[in-house]
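Please model the entire structure based on the sequences and the hints provided.
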Amino acid sequence: MKYDILLKGGTVIDPAQGLNAIRDVAIADGVIAAIDHDIPKTSAKETISVKNRYVTPGLIDIHTHVYYGVTTWGIKADNVCLTSGTTTVVDAGSASWATFPGFREFISEPAQTNILNYIHISGIGLVYGPVGEMYDLAYADPDRVSDTLKANRDITVGVKVRQGKSQVGDNGVEPLKLAIKAAEQAGTPVMCHIGAGVPLPDVLELMRPGDVITHCFQGNGDNIIDEKGRIIPEAWNAQRNGVIFDVGHGAGSFHYEVAQRAMEQGFISDVISTDLHTGNIKGPVYDLPTTLSKLMHLGLTFEEVIEKATVNAAKAIKRENQLGNLRIGTIADVAVLELLDGEFEYFDAHDIKFIGSQKINATFTIREGVKI
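Count along the sequence shown from 1, then add 7; that gives the number in the working numbering.
Everything labelled a hint here was simulated from the structure, so no lab data went into it. Careful, some of the hints might be misleading.
DEER-style ranges, computed between Cβ atoms [what the hints assert, rightly or not]:
#1 Ser56 x Gly249: 41 to 47 Å
#2 Arg334 x Ala158: 28 to 34 Å
#3 Asp154 x Asn59: 49 to 55 Å
Below, a list of computed lysine to any residue pairs in the SDA-like style, where the Cα atoms sit at most 20 Å apart [claimed, not checked]:
#4 Lys360 x His304
#5 Lys172 x Pro206
#6 Lys360 x Gly306
Ideal Cβ placement from N, Cα and C applies to all residues, glycine included.
Here you go:
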């Protein structure tokens with residue numbers, strides 16, 4: 008047999024290639040081997056009908072917390088990600104340079120999910136949520152963070168910093184400056200959590216093209232909406248200059264009305280992620296397809312949310328040549344999805360309920376050519 012798995016008759020949506028059409032997808036030796044109109048069933052060991060289903064690149068969630076057993080935030084990635092079409096996740100700062108070796112050995116390497124990492128600028132990392140990890144600037148060590156990034160480029164993507172007052176105290180944007188210093192030394196982006204108590208224009212002024220603002224629709228003050236409900240000019244300027252805006256839903260960082268007002272004005276996030284952790288996995292987040300469904304209710308098309316969770320996410324973590332597409336020869340990370348019609352109850356991170364008419368559901372996942 009020429010192929011190991013043949014996915015037959017599905018609608019292939021691969022925004023990286025501008026593809027939205029009924030095609031067959033063949034997989035061999037863990038990579039995408041062929042995409043064509045009618046590949047014979049006899050050419051594959053296993054043929055799976057995916058008629059009336061959507062075949063997309065494996066979804067990528069660039070903001071999660073999966074340092075299970077070490078941090079209070081950490082979930083077991085394989086338990087939820089691979090059942091939801093999510094083949095790659097990025098842990099956003101759970102590990103510091105000091106705890107990174109354990110993250111690599113005990114979390115990333117054994118997992119079936121592809122687990123990557125933003126290293127926290129603070130030596131505390133995110134072991135225990137309520138602790139303000141940058142109240143004391145002495146916790147930051149840009150040189151060690153940079154060295155760790157450079158020595159582990161296969162699974163690291165950048166530096167994480169949280170910029171709310173409850174994380175930085177009276178230190179303002181100094182933690183961000185230290186994170187940028189580490190990132191510049193290593194040649195990587197920064198992911199910056201925004202929150203109340205640190206003026207957002209001060210944060211945006213420092214962000215560089217390719218850096219990521221996460222929690223872009225958070226509603227706890229110091230957000231992208233001014234007191235008159237308009238997008239602040241600094242946010243428009245930052246996005247135009249190449250700063251990447253990410254949803255990062257979380258347990259307190261996605262406000263339905265902020266997202267609605269922003270999107271009505273044409274301010275659309277570049278990436279959609281979950282900020283999945285122990286505090287939201289049982290609701291209101293659940294998984295990445297649920298978060299994508301919420302953004303569809305707010306006006307994005309199915310193809311647009313897939314783009315933001317595949318090729319755009321891959322570009323944000325500088326992995327677009329390896330992930331987020333179904334090009335021939337790339338790793339066979341595939342999501343098979345269905346789009347359900349009906350009435351679906353959703354909640355934002357502030358207990359605001361809204362009813363959506365569609366829901367994305369993962370039928371099954373293929374990770375490195377293996378059906379899950």
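Here is what the structure says about each hint:
1. Ser56 and Gly249 have their C-beta atoms about 42 Å apart, which keeps the hinted 41 to 47 Å range intact.
2. The given range of 28 to 34 Å is respected by Arg334 and Ala158, whose C-beta atoms sit roughly 29 Å from each other.
3. A beta carbon spacing of about 51 Å between Asp154 and Asn59 agrees with the range 49 to 55 Å that was offered as a hint.
4. For the proposed pair Lys360 and His304, the alpha carbon gap of about 12 Å is at most 20 Å, so the pair holds.
5. Between Lys172 and Pro206 the CA atoms are separated by roughly 10 Å; this keeps the pair inside 20 Å, and the hint holds.
6. Straight-line distance between C-alpha atoms of Lys360 and Gly306 comes to about 16 Å, which keeps the hinted pair within the 20 Å bound.
Violated hints: none; the structure is consistent with every hint.
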